[in-house]
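**Student:** If you want the building blocks of each chain, they are given just below.
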Amino acid sequence: MTQTSILTVDRLVKHFPTKAGTVRAVDDIAFDIATGDTLGLVGESGSGKTTTAQCVLGIYPPTSGDIVFEGATIGVMFNRRSKELKRKIRIVFQDPGSSLNPKRTIKQILSVPLRVHGIGTDRERLTTMSRLLEMVELPPADYLYKYPQAIGGGEKQMVAIARALATNPRFIVLDEPTSALDVSVQGKIINLLMRLAKELNLTYLFITHDLSLMRNVATRVAIMYLGKLCEIARTEEFFRSPMHPYTNMLLSSIPVVTEQEESLKPKKIVSQGEIPSPVNIPPGCSFHLRCPERLPICSEVDPEMAIQEDGRVVRCHLFPAR
Amino acid sequence: MRPPLIVRKAGLKRNMLIFIGKRLFQSLFVLFGLSLLIFFIARVMPGDPARAALGFLATEEQVERLREEMHLNDPFPVQYYHWLRNLMHGDLGRSSYTHRPVTTDIVQYLPATFELILFATLISAIIGQVTGVLAGYFRNSWFDGLSRLVSYLGIATPSFVVAILLLFIFSQVLKMAPGVGRLPVMITPPPAVTGFITIDSLLAGRADLALTALKHMILPAVSLSVIHIAQEGRITRTSIVENMQKDYITVHKVHGIRSSRLVFKYLLKPSIIPTVTVMGLDFAFLMSNAFLVEMVYMWPGFSRYAVTAMLNKDLNAIVAVVLVIGLTFALVNLIVDIIIMGLDPTVRLRRGGG
Amino acid sequence: MQWNDRRADLQATLKQRRRGVSRGWYKFSRNPLSVVGLVVLGIIVLAAIFAPYITPYPGHAKPYTNFAQASQAPSAEHWFGTDRVGRDIFSRVIFGYRFSLLIGAVVLSLGVAPGVILGLIAGYHQGTWVETGIMRITDVFLAVPPLVLALAITAMLTPNLMNQMMAIALVWWPWYARLVFALASSLRSEYFVREAELTGASKLHIMFKEILPNCFAPVMTKMTLDMGIVILLGATLSFIGLGVQPPKPGLGTMVAEGAKRLPGEWWGTVFPALAIVAVILAFNLVGDGLRDVFSVEEV
Amino acid sequence: MDRLLAIKDLHVGFRIFEGQLRVLNGVCLDVKEGERVGLVGETGCGKTTTVKAVLRVLPTPPARITGGEIIYNGQDILKMTRRQMTMLRRHELTAIFQDPLQSLNPVFTIGTQLRDIVRDSAIGRGQRLSRREVEARCLSALHETGMPDPERIMTNYPVQLSGGMRQRICIAEALSTNANLLLADEPTTNLDVTIQDQILRKLDELVEEKGASVVMITHSMGVVRDLTQRVNIMYAGSIVEMAKTRDLLERPKHPYTQGLMASVPKLTGEGVSEGIPGRIPNYLDPPPGCRFHPRCEHRMEICEMTAPPFFETGDEHQVACYLYGGKT
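If you read the sequences in order, they're chains A, B, C and D.
Sequential numbering from 1 applies to the first sequence in our numbering.
Sequential numbering from 1 applies to the second sequence in our numbering.
Sequential numbering from 1 applies to the third sequence in our numbering.
Sequential numbering from 1 applies to the fourth sequence in our numbering.
No wet-lab data here; the hints were simulated from the structure.
Ideal placement from N, C-alpha and C gives every residue a C-beta, glycine not left out.
Computed footprint of chain A on chain C, listed as stretches where at least three residues anywhere in the stretch have a Cβ under 8 Å from a Cβ of chain A:
(1) 12-22
(2) 184-193
(3) 203-215
Cβ pair distances, simulated, as ranges:
(4) C:Met166 - B:Leu72: 21 to 27 Å
(5) B:Arg14 - A:Asp66: 37 to 43 Å
(6) C:Ser186 - D:Glu151: 35 to 41 Å
(7) B:Leu343 - C:Lys260: 46 to 52 Å
(8) D:His298 - B:Leu343: 55 to 61 Å
Derived contacts from chain A toward chain C, CB cut-off under 10 Å, selection only:
(9) Leu57
(10) Gly58
(11) Ile109
(12) Val112
(13) Ala166
(14) Thr167
Based on the sequences and whatever the hints tell you, model everything.
**Tutor:** What follows is the structure in structure tokens.
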């Protein structure tokens, strides 16, 4: 790869001690994101994808491991991070209903990042806010003075994106930004995000459970299961020939709408079993209980991440390092 | 999506014990804080407790001796320490009004109040629940409207007003109910075993006496319970209406569950949980409302003792009264929590464990 | 551009606010009982404010005796009758409202602010020692019913109006602390609070600009309902003899005095009692109407 | 095949503070004996209202059925007495809802709830079951849905189970009555894809086995493709297109259906379309004529005046759009 990576996560571990035992939410994962790329972090509920994003954002400090952003270690809570770092890393949350304060107008909402980061004078800020709304294709005159409850879910998400852009960031975490929206609205948001990424040279960490969406959005895809990564690959290779049995299971479970899509789904693997509790992770490979292709070794030894011939990384005994 | 709660059966009993232990510890802490607060106010206020205790006729020397005895010349923490140590031995000091140990007074007066309050709780629970359920189930009917109107009046009328009006109407004008007190003046009360006259009479084999006592209790108990009937009725109604809109009730209906079973089993159980919580709170509030009602009905109970203590600035008694009510409140809340654990499996499974 | 102008900015904000008010009034007016409550409340407040000008015998609120007029039943001259020293009960009831409203207003203005602020701080610092400290102290104050604690404190101080208000305020703040704590700690996990934190907004901004506005509706509703409860508590204290002292016309005091002369002079008790019921009822009705406006859930 | 359920021109409104929400605007839907029909639409289009109207569990007020008929086996459900309705629910109609946690009573064990359903439904058929028979039927109902250890599940409360398990229980409850018609309202929307796949396959298998008819309500075109033979597309309170599932997915005719199909992200990776501009109308004051016209790029004058009737465009393919007829 010729591009430099903007974010590197190395051996990241995040455990939550609870009375019932330790929840191993993120258990030793590593990946990096190149500048201008979109990494799709895909997993089912409880896979640890959101916790990973929260560690990157500094909502939780990692239990161990490194998070490196633009060459500097940032693995601490947000309140110990520099303002500059907060300016560069931004977030768009999943639920547009809860991510905008219902008691504040769009103008007030957009003004917070500008004031906190001392961008512009009072007078300039109004212009900046209008420009931000125009960037997300909302006419400022109609929206600045509205309260969030007066606008639709898709529009709320646009405002959340405008708020993220307010500080002129380098990197945005998108935490399931469209999963609460209908598909007919989703398209607009996704296209907007993709256009902005190109225009502003943004890098995205895109958290989602929707693999079909990732096919159309991500430059690389990473699959998580029970706090561990199963497979990371460039999007096209990933969908052309998925390797990890869990990936295959996910792909085969997706409901699709056309014949061409049906032909792309792996046929031989059928979904079975449920995700075990992250307090009681099975020994060996955590997926072995549900794996149709398990080997005797799988219940004993946890496989390592192994780089394959084409550069992709898979964590499975079926695919040892070459 | 919420993760499942995994608790083993054996763990359940332990959870419960741990929970009760925790709650007892918390209550102890709160009572300690309460005693500190009330003791502090009792000591910092202007005036001389020793003088107040002995009255105007005592000599300066006598007062000074009592000051020594009560450790009033010591700094506040030392005073508090001595008071706390006496408390451990069941000694709350002497009442400056009755000139008897406060503990003796409380033991004597408390049963009369508890008898009254329990009766009032029973009345308000039964009437409140029944009207609440009916009003909720037949929402927007004439009954709902009427009970709403009455409950507004119930909440807005102070208990002393209710007490006076009931006494005035039923006892003085209509002569349907007996007057004040626990028993008519000429009648000797049964030997005290529990302190509850109704029960003591029955123990002594005097059913007639129990009936007389019960008659005496009706008016004050009703005066006490009016406001609680209104409140509990409203809460039950809200809860019923809320639960009727829940998906699971729709699902039960869709599966063709018989409607009597739907209402009295599947709707009622989740709906009474908030009412039970409120009933616990209400028990404590009954104790404070009893202050007024006992005054009006000359009920020889703890609450009237408390009012007398307050009117006479009887410091030791005031401190003791507040603590006793705090203790009762804590115990009732613990019982309520245990009942709720029994009713609501989510609470039962989540407490203590994961 | 039009929106890029300060005045337009202000106008747009005002327009939003006006629309909010008119929508609120619409919801409020859907409940006729609330409107009745509001009207009654308005009359009571105005009457109390202008008591010296509208009551027939303003002098009767002060020490006054006229045994020639004593213990008269209600008549055209004395609407609510007269008491045993010949004072006009109607005039005294109107003056009594002054004390009741004063108690409610003073107690809430003293009690609400500290309660709200402490609850806010505790809610924002949920799970830390700050929360534990504040909420355990709150628990101590809530360990006995407010009436008991207020009575005890008033009794130990000198019983008068001032001390009574202080005592009630002292037992009242914890209710607001607990309410706001519950609201704030659940709001704390909302994404908009998280976003503000990640942006780097200050704690003060988050507590007062992001969280507090969302507590406004329930606090307002509780305050209205509490006005009724505080007035009731004030009347109760007066009834026992630990509040407004005679000859000042406290409503509770009047009921207590009148009660001694039942059943003969029923008017001495019944009218002040009805006056108490009316004001508390009015506050309750208005509070319920506000609850509809803010659509706050019951309890 | 006979018609089992026929919804004819159903209108439902909700009275709220601001006025009358006219939600359902002439819904028509047919289900034949043994057939599986899909009802697809986005949030707020009235899918759930339709289901609740059929089951007669709409809260009235605020809801009001202002017109139309729901004919089940020749009888109008809307005219039935409460007793008849209970009987119908006990062995003819059944349903599964979206949120399995909300669908189960939190303060009773799974066993308590299931036993009552089994017992009451047997009474509906005129049978009185012994305690042992009830128990056996409950266990077999749970077992059928692929639940491990049904005995233990019977003693559990809903909070003790995972989302997938809860939905399996809802399916077990629904199918334990041996109903002829199952209304499944977004039964897998809250579940993960791998679990969704398992549940849908299990549901498919059980329905096949019992020969019941199904109305599958969902927002996902993909779910409909796997499970149904015919599909109805719903927009803002009315059906805009109905056809055989494969036919519709390959050749969507209504502009809304076309927009929806284009918006679905595909595994083939040709990018995501812009979607449909605007949003679902406000039901207080819905647009006159075709309710889709403000968002439609093909709108004509007539669309703003009268709602389009269905036009037949091929093999059982009907579209409510003036692009396909009525231009004269």
